[in-house]
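*Asks:* Construct the entire structure; sequences and hints are all you get.
For reference, the chains in residue letters:
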Amino acid sequence: MVYYYPESMENLIQQLTRLPGIGPKTAQRLAFHLLSTNEVDAFGLAQAIATVRKKVKRCAVCANLTDEEICPVCRDNNRDRQLLCVVEQPKDVLMMEKTREYRGLYHVLHGAISPMEGVGPNQLTVGLLLERLKQGEITEVVMVTNPNVEGEATALYLASQIKPMGIKVTRIAHGVPVGGDLEYADEATLAKAYAGRNEL
Amino acid sequence: MTGSRLQVLEGLVIRSREYGEADRIIIVFTKERGRVSAIAKGVRKGKSSLSGATQLFSYSRLAFAFGRGSLATVTQGETINSHRGLRESLGRIAYASYISELLDYSLPENKPQESLFILGASVFAVLEVIPEEDMEILARFFELRLLAILGYKPQLDFCSVCGRGVMGGSFVLSPYRGGIVCTGCSGSAPDELLSPGAILSMKKLLEIDLRQLFNFKPGSEIKREMEQATEGYLRYYLEKSTKAKQTLREYINI
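Residue numbers (numbering that gives the first Met the number 0), protein chains in the order written: chain A, 0 to 199; chain B, 0 to 253.
Calculated from the structure, these hints are not laboratory results. Think of the CB as a built atom: it goes at the ideal place given N, C-alpha and C, for glycine as much as any other residue. There may be inaccurate statements among the hints.
Claimed, not checked - Which stretches of chain A does chain B cover? Using the computed rule of at least three CB atoms under 8 Å from a CB of chain B, they are: (1) 117–125; (2) 142–154.
Unchecked claim - Heads up, simulated SDA-like pairs for lysine to any residue below, C-alpha to C-alpha not over 20 Å straight-line: (3) Lys-90/A x Arg-16/B; (4) Lys-242/B x Tyr-156/A; (5) Lys-167/A x Glu-130/A; (6) Lys-191/A x Tyr-58/B; (7) Lys-44/B x Met-94/A; (8) Lys-244/B x Leu-34/A; (9) Lys-97/A x Lys-44/B; (10) Lys-133/A x Pro-163/A; (11) Lys-40/B x Asp-185/A.
*Replies:* In structure tokens form, the structure reads like this:
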């Protein structure tokens, strides 16, 4: 009889193969590692997965990921509650927070409008956003979507919906990256950087 | 890289999808090789020189390394025309997406399609500058010319079954028959009807020069009839319906 791994091991390898970027060989290596590593680490991982799946959900106000009904950012009274940043993904909130420049609120769309992939506003949290804006507290919405076709389409679509409500809609500037080289900036970026130039 | 071959090609980026952490998989419509699928590595990191050249709708000069697999690798690139205007209004994004999708579906991999390339490139260039109200007629022009180049040009002179002339009543466009069929022969639902005016307009779009296109202004009813007819016709021959049209119909009038 040909030897196979024990069934439970085979199952673990199968489960790991489903993760993005992990093929059968990597899955096998990870499974062996989980078996040989100390128990605390292995159970810690299992526990962490179980907890995150049970606890993390979308904030009822901004749709960002949170452990609670309403996330800490939405509850924070020290923030500028008239200013709202619209981002595509939860990780973009983190990036904005890292700037330490922005002290307003957020709204996470969980994607971007992509006509070619068949993603429209209904698949995003646009409804929640528009409802929130109707309450009238927010006076400016900043579009912090990616500077690609999907991000532009999303920003343009949202602007067309939000502007009639009398709320100011702005878009982050596009430009040459810090530490980059002009030689490698393409014409579209450079043109936008020029249009948005500042006085020294 | 052993066994790989480097080739510099100019083309339109008709599809661009994020892949992995910082890569992008693109489909480029090139003059010399037709549809080329390729991976551009690291382009979503801010400092990559390829990020502009591999953006959706850009017309770029790209260096491809063709290996054994079906996916080439983009090694260098520069933008020739970024078609910036196409990304600055929702309507233009919608039509450019629609045209890209049709091109994507109708091109075989790695086979030159020069006349289609010229059509695609010129329609893209024009779409960037025309007033938004002219975009619809441009889309109809593109659909019919695409069908003609692919060898599916509809026969619009007489009923494909009984031979009745265009002026003799109402017709429908039947992909199965490869042309118009009079209502007596088809027995179709009345909302798909093509009036003689719509048939003549479609014939005109199949002949007209792109430079003259915008002097031609058919009424909204004729435009609606043409849109319905070409949609079914394209779906039959491409064996797919475009997502762009479905998605965008929900919130702007394409």
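*Asks:* Against each hint, give a clear statement of whether it holds in the structure.
*Replies:* Status of each hint after checking the structure:
no., hint, in the structure
1, 117–125, "holds (count 5)"
2, 142–154, "holds (count 4)"
3, Lys-90/A x Arg-16/B, "holds, 19 Å"
4, Lys-242/B x Tyr-156/A, "holds, 17 Å"
5, Lys-167/A x Glu-130/A, "holds, 16 Å"
6, Lys-191/A x Tyr-58/B, "holds, 18 Å"
7, Lys-44/B x Met-94/A, "holds, 14 Å"
8, Lys-244/B x Leu-34/A, "violated, 51 Å"
9, Lys-97/A x Lys-44/B, "holds, 17 Å"
10, Lys-133/A x Pro-163/A, "holds, 11 Å"
11, Lys-40/B x Asp-185/A, "holds, 17 Å"
The structure shown violates just one earlier hint, number 8.
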